[in-house]
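**Student:** So you can see what is in the structure, the chains are spelled out below.
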Amino acid sequence: MGKSSAGLASKSLAVYVKDLRLELRSRFGLNAVFMFGITTLAVVSFALGQASLSPKILGALFWIIIFFSAMSGLAQVFVREEEQQTALTLRLTADPDAVFLGKLCFNFSLLIIMAAVITPLFFVFTDAPTAGAINFLVILVVGMIDLGAATTLIAAIISKASVKGALFAVLAFPILLPMLIALTLSSEKILAGESLGEVSKLLQFLIAYAIVMITASILLFKYVWQE
Amino acid sequence: MNMWWKYLLFLGMSVIIWISFTTPAPQQEIGEASRIFYYHIPQAWICVIAFAMSAYYSIKYLRKRHALDDDLAADSARLGLLFCLLATITGAIFAKVTWGAFWNWDPRQTSIFILLLIYGAYFALRSAVEDEERRAALTAVYAIFAFITVPFLVFVLPRMVPSLHPTDSVINKNLKFTMGPEVRTIFFSSLTAFTVLYFWIFNILKKTNLIRRKLETGTI
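Just so you know, the protein sequences line up as chains A and B, in that order. For the first sequence, this note's numbering assigns the number 1 to the initial residue and increments by one for each residue that follows. For the second sequence, this note's numbering assigns the number 228 to the initial residue and increments by one for each residue that follows.
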């Protein structure tokens, strides 16, 4: 048992490193995510001018920008395998669990890097209050884990479909909506200066949601991958 | 052919419709509008049953790979979508009468909206995959994955955000609105009638699919 789980970890790591190396070579996912995020942010900021925004609007805007930026790059990790016709080789050399965990970690990394760039820019552009920055960071990390957890399986599904681009957002949005609501509500409270204790229920919801999504994805992934 | 229960259902539903409009309104504070409760909750209930059936046949498909299970999963989702729409519409009418607006993003409305979106997305995915077996497997995975969010939508989310929805629903733990014996009888009769109706429709769809499959393979 111990040996096989160690094998799974090292295989997942190998898939992760492979994807990371490919990404650094082409930088497609990162470019898409950054350019989309920065463009949306600029449009939002330009349209609003110097208007001072309430925490409610700031929280909503922030997660809309994050959602659509993530949608532009997260599917790439599976779509690339299909487009470059490497999926079959990967299927032969690695077992589905390792592939899924490797890709999941890759998407987490992509999301964390994306958030690390877009979040400071968001605070600069919109002049949002920075008093609760540490608390906001906690929400942000939980949010990224949730986003990655819910979308990686969907990325695998759409990589097998004929129209990929639009379908990803269509399929992911309803699954993501419960957590986007919780994230928006908790960010709003944090930006209004409340402590993490005030949003603990929402955080519990978000963490439970991520755990359920990851478990279900691991169980279901092999049916998509073998297709 | 055993037809008696179909006549019984017809008679039962007619009586329920008659009684639901002639007895006193189930909740005096809300008044006449609360009669919609006899229809709205059974519809929401059927909507959840249909989606559970869809997830069940999706699991069955992934295990056994019978094309018929995929047909049934899709048809259950179709029926679920229909009842989900009915529940949304009756809910919106009730909201207009009691809260003053058809739509105000009450947590219950948000949940049902997400359910509609999920199954809209399910059919978008079905139309996006050409190969029949691949379509069946991919949509089965999505149906199961989406169904997992239903408990969060029905039980968790509405409790986290303050709601205007009456706490009279069968799924809510704090039954503040206690049903009188008369109201209870009508409500559970209606629930039973709707459930029987659902399984009847489902059975017809099942037979149609079976015949279609047999015609395709030439075994009939």
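Hints are computed from structural coordinates only; laboratory data are not their basis. Computed from a predicted model, the values in this text were never measured in an experiment. The reader is advised that the hints may include incorrect statements.
Facing chain B, a subset of chain A residues (Cβ under 10 Å, in silico) [unchecked claim]:
1. LEU20
2. ILE154
3. ALA166
4. LEU167
5. ALA172
6. PHE173
7. LEU177
8. SER217
Each residue gets a CB set at the ideal place from its N, CA and C atoms; glycine is no exception.
**Student:** Compare the structure with each hint and give your call.
**Tutor:** Right, here's what the structure says about each hint:
no.	hint	result
1	LEU20	violated, 26 Å
2	ILE154	holds, 8 Å
3	ALA166	holds, 9 Å
4	LEU167	holds, 6 Å
5	ALA172	holds, 9 Å
6	PHE173	holds, 7 Å
7	LEU177	holds, 5 Å
8	SER217	holds, 7 Å
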